[in-house]
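*Asks:* Start from the sequences and build out the full structure, keeping to the hints where you can.
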Amino acid sequence: MNLHDWIDELADVLDVETEVDEGLVLDLARVAAQNVQRTAAPITAYLLGVAVGAGDANPEQVERLAARAQQLAESWDRPADAKDPDDIDDEVPDDSSVDHSSDLYED
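Just remember that my numbering sits 43 ahead of the position in the sequence shown, which is counted from 1.
In case anyone wonders, no lab produced these hints; they're calculated from the structure.
A quick note: this is a predicted structure, and the numbers were derived from the prediction, not measured.
For glycine and all other residues, C-beta sits at the position ideal for the given N, C-alpha and C.
Distance windows between CB atoms, simulated:
hint, residue 1, residue 2, range
1, Val59, Thr82, 23 to 33 Å
2, Gln114, Asp58, 24 to 34 Å
3, Leu69, Glu149, 53 to 63 Å
*Replies:* Listed below in structure tokens is the structure:
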């Protein structure tokens, strides 16, 4: 089975009628995998599909959406193993010398 057959069969199973520019989707997935991280590829393709499905996107609109996503992926400057900037690693105070035996805790 080739890719075109797979796309046709999958579209039937998912009950969608659409034309797929597999080159566009594969290129976008490749750029996301290379510039963000490998697992970004299927998520990026999925989100492109959600964006396309949310409107009545014609092929030119699909290309514009994919171009915007690809531009974001190409300009991504955080390595895959970089910490989330929203995660704050505050120092935890050392209170090992404090006696907590009389502290009351709620269940």
